[in-house]
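**Student:** Just so you know, the protein sequences line up as chains A, B and C, in that order. Using my numbering, the first residue of the first sequence is number 1, and each one after it goes up by one. Using my numbering, the first residue of the second sequence is number 349, and each one after it goes up by one. Using my numbering, the first residue of the third sequence is number 697, and each one after it goes up by one.
Calculated directly from the structure, the hints in this document are not laboratory data. Hints may be right or wrong, so weigh each one.
[Said to hold, decoys possible] Derived DEER-like restraints, expressed as beta-carbon distance ranges:
1. B:Pro539 with C:Glu897: 38 to 46 Å
2. A:Asp150 with C:Glu897: 21 to 29 Å
3. B:Asp544 with A:Asp176: 43 to 51 Å
[Said to hold, decoys possible] A few chain A residues that don't get close to chain C, going by computed Cβ distances all over 12 Å:
4. Ala171
5. Tyr223
6. Val293
7. Ala295
[To be verified] One-sided and incomplete, this derived list gives chain A residues near chain C with beta-carbon spacing under 8 Å:
8. Lys2
9. His13
10. Gly15
11. Gln16
12. Thr25
13. Pro158
14. Val160
15. Pro161
16. Ser162
17. Phe231
18. Arg240
19. Arg243
20. Gly284
Cβ coordinates follow ideal geometry from the N, Cα and C atoms, glycine included.
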Amino acid sequence: MKTNPGRYFEDFHVGQVIEHPTPRTITVGDTALYLALTGSRFPLNSAEPFAHALGLPETPVDDWLLFHIVFGKTVPDVSLNAVANLGYAAGRFLAPAYVGDTIAARSEVIGLRQNSAGDTGTVYVRSIGLNQLGEPLLDYVRWVMVRKRDKASPAPEPVVPSLPDALPVDALTVPDGLLPDGYDCDAVGSPWRWGDYAVGERIDHVDGMTIEEAEHQLAARLYQNNARVHFNQFEQGQGRFGRRLVYGGHVISLTRALSGNGLGNAFKIAGLNAGRHVAPCFAGDTVYAWSEVIAAEPLPGRTDLGALRLRTYGLKNQPAAGFPGRTQAGGYDPAVILELDYWALMPR
Amino acid sequence: MKTNPGRYFEDFHVGQVIEHPTPRTITVGDTALYLALTGSRFPLNSAEPFAHALGLPETPVDDWLLFHIVFGKTVPDVSLNAVANLGYAAGRFLAPAYVGDTIAARSEVIGLRQNSAGDTGTVYVRSIGLNQLGEPLLDYVRWVMVRKRDKASPAPEPVVPSLPDALPVDALTVPDGLLPDGYDCDAVGSPWRWGDYAVGERIDHVDGMTIEEAEHQLAARLYQNNARVHFNQFEQGQGRFGRRLVYGGHVISLTRALSGNGLGNAFKIAGLNAGRHVAPCFAGDTVYAWSEVIAAEPLPGRTDLGALRLRTYGLKNQPAAGFPGRTQAGGYDPAVILELDYWALMPR
Amino acid sequence: MKTNPGRYFEDFHVGQVIEHPTPRTITVGDTALYLALTGSRFPLNSAEPFAHALGLPETPVDDWLLFHIVFGKTVPDVSLNAVANLGYAAGRFLAPAYVGDTIAARSEVIGLRQNSAGDTGTVYVRSIGLNQLGEPLLDYVRWVMVRKRDKASPAPEPVVPSLPDALPVDALTVPDGLLPDGYDCDAVGSPWRWGDYAVGERIDHVDGMTIEEAEHQLAARLYQNNARVHFNQFEQGQGRFGRRLVYGGHVISLTRALSGNGLGNAFKIAGLNAGRHVAPCFAGDTVYAWSEVIAAEPLPGRTDLGALRLRTYGLKNQPAAGFPGRTQAGGYDPAVILELDYWALMPR
């Protein structure tokens, strides 16, 4: 068979390194589409003089666009037979991608555990995105539940990686040459700097964005993510939801764009501490978002930049005014579709 | 509160100058998307040799794309709490934008008048779009009806700017270096030059274009226009129309693209005399257009170029064959959604 | 009348040469949109280092994107009054297009035959796409059924061009400088080279892609294809299908993108032997594809490249597992919407 059947749980082993195919050169076509798909308004990613004023050579590619391109490459090798994308952790944005960079991706299997029912297992991979010089731009851990080819095949020795709840602030990378002295809050339209945010503060990002089928399909295809659940209504129509699933990364991008209203100067994602797609999202859903400040840390050795640890919740079909999130019973409010814990850089 | 609540009527005063945030570098990604969203076929904006033949250094950005990018910047500061976008006047296209230009925008409040019911008021602004050198590319007046924060707050002294019915032809700007000697009608597919159009002539642009939700959302997001009425079905579903509203500028762009069939050599918008979004437009509507030649003026000091003053009507769900426009009673035919009075340049 | 009414059957004569309007400069905006619309994952068209490794100066534009841009230019002159697009033959991809190239198109009428009912006729044209240097990049024959303006007008002398069933392999062009020594199958994610495919082999491309209205409209507008059947629901709603028709070329592109799963190293389309849009496709349809290897020929004088003659079937709303295609009665399985016979180049 010459088509890619995708790996089953039995096809993974701890220590396995997978070089993902389809290197991809990022262009301004990609960045314009990303903006049109998300409505992002962060000037660092859409105004060259703003980037220059921060000491960067060019407009950096939006951090989540880079993430999605890397993620998309991992799909055919890691999650084509996935039942669920369970979580992210320990993600580091190591260096900006620029237009013209060609992105490649590699993953290492760092954990495996068969599930008790015996027909699926959890696969942990650390994926890394690299530019054409082999420089790492991004790495992160994700874990997915993958089908077994044969329920009878023996379970591997369980290996569950030890993952930090959050990256320590000194694990975060500031882009080379970045000097926030030239940071212009007026160009962003928000006066609030790092010191203006308090731990525990909650921000309702107010706006809502309704997703269309064409939009999430365009997004996932732009990232060359070929997970069939996003594209094939004929098949999905006969499945559990009867619908195509919106690529969870599109929800991440929408919440990031929405967060510009309230967190406009959180100009750079520096770390992905933890992430979970709590519930599926479908075309027609309206995404809202709110964020809580979990920590506010100065960056070691710098007086010009601080880091905010943020937890952003993506909601569907419910405004964020009441801050629905985790429930006391340990679950989630039914409106929650995304919980994302990350570090963002802000000027002080 | 760290989110932008938008200005209410009380927050404006005559003479107030607002520097809008989110500068934006235009790329070929934007121009390709604009073309895909509108179907525009004017070679000046899509074929570099055509632009060179006219003496321009590069392909200029479509005039309305520039307009929408400037307009989008004004939304968070001017019309986030607008009830209605009432009109445009005195718009001048002062210089072309080119790919690589970074566009910023500034508005000055030039008029205010509280409405008789006391809960809203009309705000008049002159907005200007500038490139990275601070050179003005575009300015125009628009007026919007904005909610008052508090009905009880006192009415300001009414100031209503005096606006011309139309720009005089000598107020129009021809781009530096533009030499229409190299204008190639064959490349456009229309033989009709300035002298072939008669005042009073009506042109049915024949074709119709159906709008999808994904399309108008992509368009408005591309312009970083964050007016929530275009994007939030959850909220709009509970409102007056039960639907998301198509950004009026998308209708302007569709009528401009449709007008290429009949006005193919009207290669450059030079002035926006007056404009009105007569009725709302929704996804699923099919837009048609027709134009009337209001005036045909030679350009002062030039024998190679003329200007046509055109009034283009955008219609929904009705072909333009019967030229539905204003009614004798002073209103509009129910099919009319847009009335746009503008100057276009044409080779003689 | 200043609008283009389109040519009727009477307006064509054998030997007539039509220079099509609207030259078009290809940008990375176009290539990014093409990728987002189709999900294509061939690295040659999306990764610059991959193209460099093959000896090409830059990333070539996807062959079908070039085809659609050329095709789009022919629509206003050839098929605006077409009842049906009947077929393609003798298509040659003569040289790659690169970003920055400006594409023009010209057609010659090479055949005419009035249909027996007397109200339509078949028009055969050879269309050629050229770059800004006048170099031919692509030519192909297509034939369309066009309405007569007046049923009573006399039938022309029938001229039916003699068209080959398939191009001979020595009519195929390898791009100048192309050296597949640097071809990296790992970057594609498929180990299968030319010698791994057997004549008669059938490949189920497995995946399915559901088409949205916004998507096919964006695609056709990107190609400046203004055939009204794709865009005007108001008019189409009253017609035979009650629906907008998806541009057949969009189906070609989807099947090409899907074929990357199974034919990943068929990196270059070299010839279009024959093509037929067997049945209409509408938004909501899910496209599947399968291919049969019709011939596998070495390329004259080269040991590094081979050509596969492939017949790809596009299906709607039916997986390709059973390989539905032509029926024994000489028709097609009802799921078939496209039959495309073409040559692709592969590394040996």
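**Student:** For each hint, tell me whether it holds in the structure or not.
**Tutor:** Hint-by-hint comparison with the structure:
no., hint, in the structure
1, B:Pro539 with C:Glu897: 38 to 46 Å, "violated, 54 Å"
2, A:Asp150 with C:Glu897: 21 to 29 Å, "holds, 27 Å"
3, B:Asp544 with A:Asp176: 43 to 51 Å, "violated, 60 Å"
4, Ala171, "holds, 30 Å"
5, Tyr223, "violated, 9 Å"
6, Val293, "holds, 35 Å"
7, Ala295, "holds, 37 Å"
8, Lys2, "holds, 5 Å"
9, His13, "violated, 20 Å"
10, Gly15, "violated, 19 Å"
11, Gln16, "violated, 15 Å"
12, Thr25, "holds, 5 Å"
13, Pro158, "violated, 30 Å"
14, Val160, "violated, 29 Å"
15, Pro161, "violated, 26 Å"
16, Ser162, "violated, 32 Å"
17, Phe231, "holds, 5 Å"
18, Arg240, "violated, 17 Å"
19, Arg243, "violated, 11 Å"
20, Gly284, "violated, 13 Å"
Going through the hint list in order, the structure does not satisfy hints 1, 3, 5, 9, 10, 11, 13, 14, 15, 16, 18, 19, 20.
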